[in-house]
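Those sequence lines, one after another, are chains A and B. So the first sequence is numbered by this note's numbering: it starts at 1 and just counts up by one. So the second sequence is numbered by this note's numbering: it starts at 1001 and just counts up by one.
Simulated from the structure, these hints should not be mistaken for lab results. Only a predicted model underlies this, so the values are computations on that prediction, with no experimental measurement involved. One thing to keep in mind: the hints can contain errors.
[Said to hold, decoys possible] Selected chain B positions facing chain A (in silico; Cβ < 10 Å):
1) E1118
2) R1392
3) P1411
4) L1416
5) T1449
[Stated by the list, open to error] Taking CB as the label site, the calculated pair distances span:
6) B/T1226 with A/T49: 23 to 33 Å
7) A/I48 with B/D1279: 32 to 42 Å
8) A/T15 with B/A1350: 45 to 55 Å
9) A/A94 with B/E1274: 36 to 46 Å
10) A/T49 with B/Q1336: 52 to 62 Å
11) A/R96 with B/P1456: 25 to 35 Å
12) A/T15 with B/N1278: 30 to 40 Å
13) A/E6 with B/T1399: 17 to 27 Å
14) B/P1081 with A/A94: 30 to 40 Å
15) B/Q1336 with A/T15: 51 to 61 Å
16) A/G19 with B/R1220: 34 to 44 Å
17) A/A94 with B/A1090: 28 to 38 Å
18) B/R1440 with A/T49: 21 to 31 Å
19) A/R96 with B/G1234: 39 to 49 Å
[What the hints assert, rightly or not] Counterexamples of contact, computed for chain A against chain B with all Cβ distances above 10 Å:
20) P22
21) A51
22) G85
Just so you know, even glycine gets a beta-carbon here, dropped at the ideal spot from N, CA and C.
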Amino acid sequence: MFRRLETASPVETVTVTVGGKPVTLPRGETAAAALVAAGEATGRTTPITGAPRGPYCMMGVCFDCLVMIDGAPNRQACMTEIRDGMRIERQVGARRIGG
Amino acid sequence: MSANWDLAVIGAGPAGMSAAMAATRLGLKVGLLDEQPRPGGQIYRNPAQPTPEVLEALGEDYAHGMELIEKFRAADIDYRPGATVWDVMAGGEIAFLRDGRSAEVQARHVLLATGAIERPVPVPGWTLPGVMTVGAAQILLKTGGYVPDQPAVLVGGGPLLYLVAWQYLKAGAQIGAILETVPRSNLWSALPHASGMLSQGRLLAKGRRWLRDLRSARVRRIRGVTDVRIEGEGAAEAVTFQKGGRRQTIQTPLVLLHEGVIPNTHISLALGLEHGWNDIQQWWQPRLDDWGRADKPGFSVAGDGAGIWGAEAAEHLGLLAAHGAAMALGKDGLDQAGVAEARGALKSVAGARAFLDRLYRPARSQRVPAADDTIVCRCEEVTAGQVRQAARMGALGLTQAKAYTRCGMGPCQGRLCAPTVSALIAETRGLDDAEVPAYRPRPPFKPVTLGALAAPAFRAKAG
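Working from the sequences, and respecting the hints, build out all of it.
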């Protein structure tokens, strides 16, 4: 859906995985940007009907970009800054308590 | 860990930054809590590593924001980035999450500078992946230089929509079409306020430049669009709409919606501050005195959270609110010249605002879904039909509709469905929008885990 504008200036990068696939992007970006950079429109499926959802507001309001980060569920991808080695995975349906 | 401040500012957008700096100059001990990792708010949302290519596409207003941020960083303020406020208590205690742990600060006066959120656009298919707000797409541009890789379709109206289209143009990204949903008859209610707009020469010139550049680039603008639907299996594939009695379809994997912004009143409503209905902007705003002070002593609001005035006004409102707080705390030595300058600038902005708000007042059909099967509450997947049914069963506002249908009970806590639910209840019960009470959010304002709450207690025990 999106591409990044090319830049001539040096940029420090980090590498994360999105659904197991490595993605390299500038330090300081969010997990939601990593989804976008990976070309992944869907970050989760809903607990009620299983409908696919992806980032909608990008500013922490809508909670539609919830994903699993390093195994922890219900992380707001747009509010989570990426770190080297971060594992971003799709969140499927409802969470289990403690899961 | 816990701090005592004279003034706690919540939000590091233009209003919050300006207020915090002014309050420091007035001799107050100031702390600022902001959810983002870097100051600027959404309007001056800034990347960790800005590149010249992105700055070039964003234009000169954004450059002004960068200067403001630099001054803010140099000021003597206890600035806490990455802090998600989850409770504000009547006595000025503020609870927030930071680094996965809950912490508290105590303030003698609290200033809410929580800005705006985009108005929900509940059209069929708005929950599909590949549908975002125009503001969300702009955040991707500001923070990472992301532009659509295929022609996107922008739907709605308002200055931000044209600004982003223009920024895409400058960045060399293609635009499939701009579908304009704002009723053309708005012009007649806006025209009596045209002199206010004309007095804002710079603003007017800016808007005209965007539209002229879009025209010379032959960006397709379709006016008078109604009945917008987004279609696709598992993700957006096309947007369809009604124009001149005919249904049209444009294929696109990226649909960007925008029907203006509304004050982010989540905390001000939760605190029970008195609010009034703004019928032009079609949302609630706190009732404030000339210094941004609310009806409850110890609380003020500045910037777009107090009514949509825009980024430039937010800086002035922040300065005035800092003075209001300083006076409430018994400080003297106010900056009379600064106050006079702010009041003069605000008067001029108000004139332009009166015109723009009327010109881009969204069509009712973009705010209130006609079809019963359209999702209204994204979190709990509650439809317009279910809310209408709840209203017929006696729901007077979101508070009751929530009990009947679960709308507003998901993680966003009603932020995104409240405007639509209120409008649906008004429609079903034959009331004016202002007669449906505003929702009353409760803490925690954002989801908090038990682990985050327990962390400080465990640390104290271990120590």
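- Message: Verify the CB-CB distance for A/G19 and B/R1220 against the hinted window 34 to 44 Å.
- Response: Given a distance of about 35 Å, which is inside 34 to 44 Å, the answer is holds.
- Message: Given a hint of 36 to 46 Å, does the C-beta separation of A/A94 and B/E1274 actually sit inside it?
- Response: Hint holds: Cβ distance 39 Å, inside 36 to 46 Å.
- Nearest-CB test (10 Å) between chain B and A/A51: Given a closest Cβ separation of 7 Å, the condition is violated.
- Query: How does the Cβ-Cβ distance of A/R96 and B/G1234 compare with 39 to 49 Å: does it lie in that range?
  - Reply: violated (25 Å)
- May I ask you to test the interface hint for B/T1449 with respect to chain A, counting a Cβ-Cβ separation under 10 Å as satisfied? holds (9 Å)
- Message: Tell me if the interface restraint on B/L1416 is satisfied: Cβ within less than 10 Å of some Cβ in chain A.
- Response: With a minimum Cβ separation of about 5 Å from chain A (threshold 10 Å), the hint on B/L1416 holds.
- Message: Let's test the interface hint: is any C-beta of chain A closer than 10 Å to that of B/P1411?
- Response: holds (4 Å)
- Query: Regarding A/T15 and B/A1350, is the given constraint of 45 to 55 Å on their beta-carbon distance met?
  - Reply: Holds - the Cβ-Cβ distance for A/T15 and B/A1350, about 49 Å, lies within 45 to 55 Å.
- Is 52 to 62 Å right for how far apart the beta carbons of A/T49 and B/Q1336 are? holds (60 Å)
- Task: Please test the hint of 28 to 38 Å on the beta carbon pair from A/A94 and B/A1090.
- Result: holds (36 Å)
- Task: For the hint on B/E1118, just tell me whether its beta-carbon gets within less than 10 Å of chain A.
- Result: Because about 7 Å separates B/E1118 from the closest Cβ in chain A, which is inside the 10 Å limit, the hint holds.
- Task: Mind checking the hinted window 23 to 33 Å against the Cβ distance between B/T1226 and A/T49?
- Result: Given a distance of about 28 Å, which is inside 23 to 33 Å, the answer is holds.
Comparing the model with each numbered hint stated earlier shows that hints 2, 12, 13, 19 and 21 do not hold.
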